[in-house]
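Q: Chain X is fixed; fit chain E onto it per the hints.
Going down the list, the protein sequences come from chains X and E. Here the numbering used here is used: the first residue of the first sequence is 3, the next is one more, and so on. Here the numbering used here is used: the first residue of the second sequence is 3, the next is one more, and so on.
The set of hints was computed from the structure by calculation and includes no laboratory data. Some hints could be false.
Any copy will do: because identical chains look the same in the list, a pair fits if it lies in one copy or spans two.
[Claimed, not checked] Under the rule of at most 30 Å between Cα atoms (straight-line distance), these lysine-lysine pairs were calculated in the DSS-like manner:
1) Lys264 - Lys295
2) Lys264 - Lys180
3) Lys345 - Lys295
4) Lys360 - Lys438
Take a look at the letters that make up each chain.
2 protein chains.
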Amino acid sequence: MIPSQEYFSTASKLNKLTTELSEQQVASLSVNGERLARDLHHSCQWGPGIRWGPNPTDTGMQRLALSQEDKHVRDWFVQTMTDLGCKITIDELGNIFAVRPGRRTDVPATFIGSHLDTQPTGGRYDGILGVLSGIEAIKTMNDLGLETEGGVGVVNWTNEEGARFPISMMSSGVWAGKISLEHAYNLKEVPTVASLPTAASAPETVKTALDMIGYVGSVPCSYKATPMAAHFELHIEQGPHLVSAGQRIGVVTAVQAYRWYKLQVTGRDCHTGTTAFQHRADAMYASARMMVKAREVATAHGCLASVGIVDARPGSVNTVPGLVSFSLDIRGPETSAVDVVSKKLKEEFDAIAAEEGKGIGKPCRVEWELDFDSPAVEFHEDCISCVQQSAEAVCAQDASVAEPKSLVRTIMSGAGHDSVFTSKIVPTSMIFVPCKDGVSHHPEEFTSAEDCATGASVILQAVVRYDRKRFQN
Amino acid sequence: MIPSQEYFSTASKLNKLTTELSEQQVASLSVNGERLARDLHHSCQWGPGIRWGPNPTDTGMQRLALSQEDKHVRDWFVQTMTDLGCKITIDELGNIFAVRPGRRTDVPATFIGSHLDTQPTGGRYDGILGVLSGIEAIKTMNDLGLETEGGVGVVNWTNEEGARFPISMMSSGVWAGKISLEHAYNLKEVPTVASLPTAASAPETVKTALDMIGYVGSVPCSYKATPMAAHFELHIEQGPHLVSAGQRIGVVTAVQAYRWYKLQVTGRDCHTGTTAFQHRADAMYASARMMVKAREVATAHGCLASVGIVDARPGSVNTVPGLVSFSLDIRGPETSAVDVVSKKLKEEFDAIAAEEGKGIGKPCRVEWELDFDSPAVEFHEDCISCVQQSAEAVCAQDASVAEPKSLVRTIMSGAGHDSVFTSKIVPTSMIFVPCKDGVSHHPEEFTSAEDCATGASVILQAVVRYDRKRFQN
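Bound conformation, chain X alone:
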């Protein structure tokens, strides 16, 4: 039996142009969820992390940016996209753009993008799902013989995590002209991360690491050299809202503001056994008090403050540390709230430092260095509406669901994503799917194959809808 023209599986051919589809045909588009899951876990063979369960895919990921594991998955990505008929562009920061040509050759492509690098103790979905959903969208379009007006691209952004090289969203930032290429090239890897077995033992820079894996492309890293029509990104929520409400899709309208600081607290080394507390300028004790204070102040202002990296010197059991540095990540729904918390913490930390060591007339000092500043972002209404319509349509595909709209909500992103930077240049929005317990940046980060497929179908439809919006008049 031949299926009707209006209802089809991914195996049946449409052989149409996006602008020729009916709304019902668009609403019926969906990806092959099994294939997506298979491809996703296949790509996770490069850089498996900590095992947490008995099944083959029950491991986290440890695929630090520009590591050998990252090289392997990049090679696979390039080969896969080439086989699907895409044209590959690699820029000077190793960003890989793979474009499935559209009917028109004189317009930029609409992109699906995210990143294949992970945290040192990351999971299988953060970033990876975003790129893999792009691959699956292209595969589905090929299956259907669906032609687009403008091209459709998939981009893998270099070092989104900022774990190995401590600036997140690094390469989308350079692409958007918000971070200089030189600054990115010269970034040194974080020692604590670099000392992990999968990273190089000597500190590398972004440039030397790119050279080592052969991913310095010839094209400038810029939206001018590699333009886009729009940028869509599918991501796990990394928070508990969708999963605890039993919802399936978050239409991301905005990203909260955040800032990364590096703090250095200077006291005086002394002997732990012979130095009374009042004779100490203990940089670790002062830092501990600051860490406790940071949560207190952030809470009072509806913000977050977190310490991820700590280094205490000289690092000996019986020497009171005279030098401690730590990272401080402050986030809030508005840029102004992050401002207020930063300012308040500067005062509080100065007061804590002044107290520690006053007995010897050599109080601790604290210095702040701003590593990264990402003001709050609002996504583009055109992209948001494409995602909203697609999310409702995909949820409605499940006949057992009484109120498909109830499975969709708008949401603000707590984390930064490459979409933050693309949004400065081109219309952008994001799609969130639930993840177990809201946990990410953890080996047990998990999103069901069904939720992954739902998200991928939404991004496929969103891209098709955006293409129609651009060229249907």
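A: For chain E alone, coordinates are given in the frame of chain X:
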């Protein structure tokens, strides 16, 4: 003019046996302070640390146990002592015993001992002065033609600091039968210290490090194989009491109790931007609260508690650490006080851990591992009285001093020293000299050449007095 028999400089010959000296002759013994200072700074050419002033000797020391720098100073020590007519014994832990023979060959020697290794940001006096004062005492005895009844030895103990390999007083502990050789051999270097440029880049054990510098001797490390009659040790005070009272010699009667723990706090890694505080099990935040609590509890019980080493994993700006380990050094005048503080902190830390993560039903856990336990020690009355008499006599040598006794006080040691372990087996005591601002384990650690010489003259006399005490009757 020939000086009278009773008054002599170190240049004039006595050519006598210790037991033939008059009390006045003993009281007049003093070392060559200039030569001591010269030798001390000469030995500091191996492993100079952070520079803090313009003069050639204005640097700290960084001579980690069993490093190449340690090998060089050991080679120099062996050569120097051989040239002075001493017999060298190196045991299987690299302890170096250099003995100047006495008249009697059937009795163990009286030892002057300390260590040539330093903290990663240490100074030029901690340990080094102890060994160098022994060398200077031997040189002075040679100058004087002073024969002893029993031999007089100088011992350099391996890894007293416990900085590179995290057990302090390691080899005197094995010598005394209180630490097993196997445990010492298998100790791994601390990564934070090992990553310093002067240490090996791959983690070594004590055994591999000993092999690398060729200091595995054939003699068992034991008081049975290398017996001693007594052990005297000269050390800087590392505290402010002598310097603030304007006193010159501390007669050390006891050493406070201390314990070294390694704590591990386990929480859950999660994203810093998307995880509300109540959904976190932040191992770093919990650890910071514990560090603050440790000082509070220690203060309440007249003890000290210090955190020197901190390691937060995975060590990424935007991941909340799920695993933090830190060292905890607890000290108190009595063993029971250290007991009480340890017990109280275990309760308090459990309570802190239980609070952090209770929102997700996965509270943090804290595990304690005892690395080292050194109960309070009382030194031997025979040795103490030799030091007391010698200290008063040396202070009386300065004719400008009205009340020599006022420059001497008894004192308790806050720090552990090799004398803690030798005291378990043989009569032992120590001599303290003042150090600037009471600071040690710091590059600016400083004791004047005059104070060094005073201390060395005291230890010389103490050894002579002890020899007389043993054999005069």
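Q: Going back to the hint list, which numbers does this structure go against?
A: none
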